Structures are given as C-alpha cells and as structure tokens.
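K.L.:
As you go down the protein sequences, you meet chains A and B in turn.
When we follow our numbering, the leftmost residue of the first sequence carries the number 1132, and every step to the right adds one.
When we follow our numbering, the leftmost residue of the second sequence carries the number 1132, and every step to the right adds one.
What the hints contain is simulated information worked out from the structure, not anything from laboratory work.
Among the clues, some could well be false.
[Claimed, not checked] If you want a taste of the chain B side facing chain A, the calculated C-beta under 10 Å gives, among others:
{"#": "1", "residue": "G1186"}
{"#": "2", "residue": "P1309"}
{"#": "3", "residue": "I1587"}
Since this is a predicted model, take the numbers as computed values, not measurements.
Glycine residues also receive a C-beta, built at the ideal position from the N, C-alpha and C atoms.
What follows is the residue order along each chain.
Number of protein chains: 2
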Amino acid sequence: MTMLNPTSGAVRLLSRAAEHGVTVCFANPGTTELALTAAFDAETRVRPVLCSFEGVCSGAADGYGRMLDRPALTLTHLGPGFANALANLHNARRADSPVINLIGDHTSTHLKYDTPLTSDIAALANTVSRYVGTITHADDAAPQLDAAMAATRQAQSRVATLIFPADFQQQSAAAPAPLVAADTPMRGEVYLDHLGSVVPALRDGTRAVLLLHPRAACAEGTRLAGEIAQATGCDVAYGATPARCERGRSHYAIARVPYFPEPARAYLDGFRHVILVGARPPVTYFGYEGQDSELVSAERLQPFASVEDDLLAALRALHEAVGAVNGSAVPSAPAAPVPNALAARICERVAALLPQDAIVTIEGSTFGGPFQAYSAAAAPHSELALPGGAIGMGLPCALGAAVACPDRKVVALQSDGSAMYTLQALWTMAREQADVVVIIAANRRYQILQTELARIGDLADMPVSAAMTQLQAPHLDWCGIAQASGVAAYRVDAADAFDRAFKTCLTTRGPTLIEVLC
Amino acid sequence: MTMLNPTSGAVRLLSRAAEHGVTVCFANPGTTELALTAAFDAETRVRPVLCSFEGVCSGAADGYGRMLDRPALTLTHLGPGFANALANLHNARRADSPVINLIGDHTSTHLKYDTPLTSDIAALANTVSRYVGTITHADDAAPQLDAAMAATRQAQSRVATLIFPADFQQQSAAAPAPLVAADTPMRGEVYLDHLGSVVPALRDGTRAVLLLHPRAACAEGTRLAGEIAQATGCDVAYGATPARCERGRSHYAIARVPYFPEPARAYLDGFRHVILVGARPPVTYFGYEGQDSELVSAERLQPFASVEDDLLAALRALHEAVGAVNGSAVPSAPAAPVPNALAARICERVAALLPQDAIVTIEGSTFGGPFQAYSAAAAPHSELALPGGAIGMGLPCALGAAVACPDRKVVALQSDGSAMYTLQALWTMAREQADVVVIIAANRRYQILQTELARIGDLADMPVSAAMTQLQAPHLDWCGIAQASGVAAYRVDAADAFDRAFKTCLTTRGPTLIEVLC
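Next comes chain A alone, as it looks inside the complex (with noise of 0.2 Å):
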C-alpha cells in the first residue's frame, strides 16, 4: 500500500468534500498530512492553496466562507500547526463563517508514546468548532465529513475540524454512500410572537432604533430595513460587528454602534425603543472599571426575531406590517466633508475610486473608522470586518475572499501593526495572482492601545508603557516586506500620490500594496 492509492481514506474524504461542492483546500501540511497531501493528486476537484503560515489558511477560509457561503477546507499539522490557526478560527466563529479544518494525526498506533509533536488537538479544537469528529477508521473518513458538512449549515459557530490519524489516511476505504441531498435547516418564526409589540414601537419613529443581526445585512435585508426606516423614521444599526455587509450607494446606509462606552451608550440612550432583529443586548466592548458593561437597560429593550429565525422573513413581515413601500429607495448618505488628516483623505479616494462589486476587508481604525464616513456613498461593494476581535484577520481573509471571488477585486484596508500577525499571507498573494490591492496604514504605533492608555493617563508619564505601543526604532518597511515577497509595492506620504499609485493599482491583476506614511 502506498500512499498513492486511489481508494485511500484521504483520497475518499477530498472526494467526498468535492461531492458537497467544495473545491479549495488552503494548506500547510506536515508529515501527518501526507497522504492527504498526495490525495491532491487524485481528486483533483479541490485545488490546495499553499500558505506558509497556519494562520493564513484559517484566515483564507474565513474570507473565502464569509463571499461564499459555503467551507473551504483548512489542512494543518499535528496539534501545534492547528494551534497557529486558532486565532482565525476564533474569527471564524465569531463570523458565523464556513471553515471544515482538517488535521492530521499520528499513526493510531504511535500515538500512546507521547512523541514530540503529540498534544490534545481535540481540546484545541473545541474551543472553535461546533463539530470535532475523530476519524477512527479509513471507512469513517466520508461520513466524518459528511458531519462536518453539517456542521457549517447551521445558523452560528459553523466551523468544524477532523482529526485524520496518518494510518486511516493511507489505509484503503471502502466507496462512501452516495451523498444524500442536505436538508435545508429549520428557522424558527420567533418573530411571529413579537410582531404584535413592535410595530407599536417603530411608530414611535425617531425614538426607535433596529438593532440587526449583520446575517440579515444582504443586499435584500439592506432593502427591507432601509424601507422600514423610511416607513417609520427609525434607525437602524449593526447589533455587532458586521462579518460582511453590502455598503454603497443603492444600498442604504446602516448604522454602526460606536466602539467606546461613552458614545455608545450617548448614541443608544436616544432611543426609547431598542429592537433585536437576531441581535444580542448591546454591551461595551471590553468591560470598563466603573462602567455598566450593558448599554440598554432591560425595559427599553424590544426582542423581536432570534439569531436562529429566518431574519429575511422577519424584516418581510415588519415591512408588510408598518405599510414599508417596496422600491423606496433611501438614498445613502452624503459622503462627509474631508477632514485634513491624511488617513481620511485616503479613504474618502478610495471610497471615490473604488471599483463595482469590490470586496473591502478592513482591520484597525486608523483606516477602518474614517472609511465608514465616506464607503455608504461608493460603489456598491461588499465589506468584511473583524466580528472575532482577533487581530491578524485582515490579509488572511483579503487572500481568500479572492481566491472565492477572483472577478471582484479586492482591497484590503489594514493597519501596520495588525498586519504583522499574518504577513505570510502576502507571499501566497503572489504565488496565487490574487487581485488584491493592500493598503497599509504606517503609523507606526498600536494606535489602539496609546488610545486606551490617554484614556487613564498622561504617556508622557509612562515612557515604559508608551515604548510599548510603538512600532519604531526601526520602523517597519512595508514596501520592503511586500516585494520580498513577490508583491509591487508603493510608498506614499501624501493624497495625491496616493490616488496615482491607487489607480496603477486598481489597473494592475494580482497583488499590489501601499504604505501610506500617516
């Protein structure tokens, strides 16, 4: 038996993963993962991206689910391989995102000695995953994924992970079942029960404000709401990070929660009525000494549909019952005025240039705060945020939202200090041609942490501390780093070089990058 066999328990678990409509395998195996690494080889249906760092992969397969809806397969070594992987999967998770991590294994048999690479995957694993499944037969490989396939179509926390012992890899598997055909998972009509309390509330108008799960943010649940805006004065607004949402100028402009407790709880305490459309009681970020962590309290709160509803149909029967007029377009918001940083003057260009149906990803404030004011008045385009809060998503998931969408082009809005986390992914931009245009945000500086720190003192008296939000002496050459890679890159300090390199950019097929000096 070699490792080349056409019937082997890894060549059946790609076939298999084909049979559901998977095609995109990005990996970073080890000698665990070798059959599985041959199996490429023989079903060639699922085509393996390359990337040489785990966290690449599992970022990929987080952008790649969130545009299509459907997994690509993460292929990882051994428990420390997967652990490189965990901090997107964390973003996965949070996303509601599609991911079937697989994970090699020591021979069953080798595995009681302890050996070096040997840990306890399936306790990493389930921190991330609604299913683990242990493969513990060549035979069980099929059905194994036809679990995990399950898994990714429930309504939340749709990852899941197989470890595969290289020895049922390798062995021979009998031919699988044939597939039967997915049912479709039930919704629940919890809004049904509620529909009766809210409309009252939404006729408040101005007083009431939608609070929307960003599942329902599609370009039809950006209609429905924006409708019902219309119909009724309300507001309405992200319950969460959005893990992707349809932005621009013929979709109308949801709001977003403000990140610190302050403005956040100023802009809630606005309204009388607080509607949960699949979203969760607003709460602070992180929790605050001194602070409430819940920004509502209870008795202004209205839930309306479950996370579990079909939240497409809810926003229909509130439309239908406050009278929302169909094609009532709202127009977006006017861009604001431009204000005189550098970072804002960016993105009100790139707003203004960006292409029809791009992909924005975006991770860090300097770019990602500013973008908001300008990107409801840009062509339509779909946005991929950070729901996970774990930084180093951004270039990862930029990777594979191309490899998923390769006619849409991508940019990626990022800051210099998270995108150190994950850089790898910029070699296997190269390698892969993804059309992603990277713009990196070089202050130079976690941005964040200096803000939370001015928060409860003066920098000047923490010179220590204040040394450790700096990304300085040396700086970062993110043009360096970028062509090292096999990527084109341009460094700009000003607006107008940036909107020349910009559009050389958006010109150019493959990877490009630029560091905006700010």
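Knowing the structure of chain A, use the given hints to seat chain B on it.
P.N.:
Below, chain B alone, put in the same frame as chain A:
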C-alpha cells in the same frame, strides 16, 4: 482609581516576579492587559521586550529559559493572542523550559456577556501548562505568581500560566506576605536500585549504549558520560533531541539517534544493552505504516535513572562504579571530510569560525544535519535544538537566548520554510539590538516533506502535491525581509562569499542575516 495605581494587582504581580529574580517579559499586550502594561512603569526591575507576534514572545521565553534556567514572563492578549503563542509553548513544554505566561482576561463582571474576544483561555492553557491559575482578586496576584514559580522549578513540563482579569489588575492589592525561600525540589534516587545490573552491562563494552536525557547534557554531565565511555568502551547518545547541550572540542561528543526509523533501528541494533539515563525507551519520531514505533525490544532495555532523578548524581555514581577517571578527557571526534554540498561547506565554516561560548540555535534539517558533523570540533558552545518539533522555534529562541546572555554571540542556523512561521522575531532582534547572526538555508522548499514524499513515490508523478513542497513562484527574498525589519543582510551562493560575510557578521554587534542560496 487609575491604572497607574502603584499598589495595583498588576504592580504587585510584577514586583513579586522581580522578588523571584524574574527580569524580563516578552510582551504583546492588548486592551485587557493595559494595567499590566502600565505596571512596567511602576516596577522597573522587570523589563518588557515588545514582540509584534505572540509566537515570538513564547519562543523567546523558551530560549531565555533554556539559557538561564529561570523563567521569563510572556504577556499576551486574551485567548486568541495566547493561541498564537501555543506552538512555541508546546516546544517550551517539551524542552522543559521554565516559562510563566500572563494572559489578561475581560473584567470579571464582563465575562458573562460573551463579547467578541471571549473564549476558553483555560482550555488552551491546559494543553501546554503544568499549572494554570486564574486570579480571582487583586490580593491573589502575588500568591498565584508564587504558585507559577513553583511549577517552573519541577524537573519536567515547566510552563505555568496565569489568567488575570483586567479589574483585578487595576484594583489595589494588599502587600503580600514576605517571600519564602523556595524548596529545592527533591530528586529521586531510582538509579541506586539499578546500579548492580547496569555496571555489568557497561562492562560489555561496545555492545552497550547510554541513552541520556538531555537534561544531563550540561558540561559536567557531558564530562561524566565521556569518561564512562572512555572507561568502558560504551557509546553515549541522547535519548531525545536536546533542548540544550554543551558541545565543542573540550566536550565529549554525544551521539544522536538518527531521525528516520531505518537508520535509527540500525544504529540501536548494534547494542545488546540500551541503558536509559532518564531517557524513555526509544521510539520513532513519527509512526510509519508497517513499522513498529518501538526501536528497541524490551529485553535489551535497562532502566537506570528516572527522569525525576538527580541525573548528575546518577552519572557520578556510575562513573565511580565503573572506575572512570576524572580528567580522562576524551578528544572530540575530528571533523568529517567536507562534502561538496554547499550547506555542508557552510556548516564547516560556521564550526571553524564559531566564537568561544557562542550559542547556536538549530531549526531545519538542511543545516541541522551537517552542522552535527562539524560542531564537535568547534569552539565550545551551547546548542539549542527543537525537542518539541513545532517549527517556528528558531528565530524567537535565538532572540530569547541573546536577551538572556547579552555577552555571548548567538548564531541561528535556520531553514527558510520554518523561518516563515515567526519571521516577526527579526524586528524585535533589531529593536533590542540582539547580538544574533541568522543564517538562512534558502533552498526554497520544504525539504523534509519532499524527503518524506519521496519515500513513498516519485515526485514527478505527484505534480500537485509536489508543488505544495515548493517555496517558489515567487521565492522569498530573505535579505529584503531582514532589511525591511531593520536587520543588515547579505546574500551568498558560495562558501568563500559566506566566509567573508560571516566574518563581518561576527565582528558586528547587533543582528545580521546571511541568506545562503543552497
């Protein structure tokens, strides 16, 4: 109450660490670690070393602990940040390196809201830690640090982890009880029971091998083992990859059991008596289809010392029992003839030029194998290898060793594939002006995977999987990456050019990198 509170739980914890002799913290903090961050301004006996990725923090703490046998701290942000540190903590656990991890957690009252960054930190920590403590009150900080320190004083598995909610970091804590001098852990004396059977086996001369736990590989252990070998004709080999060993021409050259199962079995089959000095019965690194994992049959194994024993005492007893002679220094093996392959010629030059008391970190087989052939004849030095097998160890470990031993030159022998996992270490090397020469074997492939794939088939028949072992199209420009991180770099493709570059690097204070195209 502000975060600058000089009697905060965070300050109390750092002060207690300082009382225990801890002086360094490899840090990548976030918002939930702000009070710990600010505490470095109040307790300046512990110096923070900023890393731009958490795997650098943990790998550096591993290297630091191996050199000084006392812990450095790591500081990481919640579960996802800590997850990025896990692979190198796996290595630290397998290396028996003392490390104390500090992880901030959400404000205790906030945890129940399951906000974006919440995850099961303890589950992650348990996979690598001997001790996991959650601080439940500001007064609890110092006692928990004491418990963590106690865990780092054990013989094996010396990683401890403390989870420290943000509110208890900030709140005032009472002055802790005075530090009690730590008990020296009791070591066992299992070896006394076996002395009577082991001595006759050793008298069997060349048919016996001592398999040493690497913990005995200090200067004295190496001397004792060499003199036992001299007196009896036995061989001495490491029973596992050494976390650290002393090597070079004043030290007896201890052998290594080969990596692949066939040569490993052939080597061990040469001995009737395999005597375990703290080592476990030897097994293959990975399990292979159709091969036993156990390399030596039970009747040939002779347990001598247990891993919990005082291994130096065990060697001294054996030394005396076989009548070994103090000072019967065994000359190290002469250097092997230089083969033509460039990697081997580079290793010969590194060994020839290595300064006295250098520290050499080794990751990857391209340099790792050949260097063993020459390092026995080099100037005396400490070698740090990869007992845990999780790649991404080399660069951070070199950084940590340089921080631990600023007066010793560090040489990092590194493969390109593994360097990618934690390349962010280069930036901290530059920031700290760590005295490290990084030598990258740029063969632009995962050589180990090509070797393993070739064991089972012809790479030409496996174009898809073979492509997954190639770091090509584009290749990585390691000089560019280094320079972009603030590290001076040289590219060479011949031994004489290497020689010149290495001499320049050896006379340069601070980090340098040589990319060897091989």
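K.L.:
Look at each hint and say if it fits the structure.
P.N.:
Outcome of the hint check:
Taken as an interface hint, B:G1186 checks out: its beta carbon lies about 7 Å from the nearest beta carbon of chain A, inside 10 Å. At its closest, the beta carbon of B:P1309 sits 27 Å from a beta carbon of chain A; the interface hint therefore is violated under the 10 Å criterion. For B:I1587, the interface hint holds, since its Cβ comes within 10 Å of a Cβ in chain A; the closest pair sits about 4 Å apart.
Figure legend: structure checked against the earlier numbered hints; the only hint not met is number 2.
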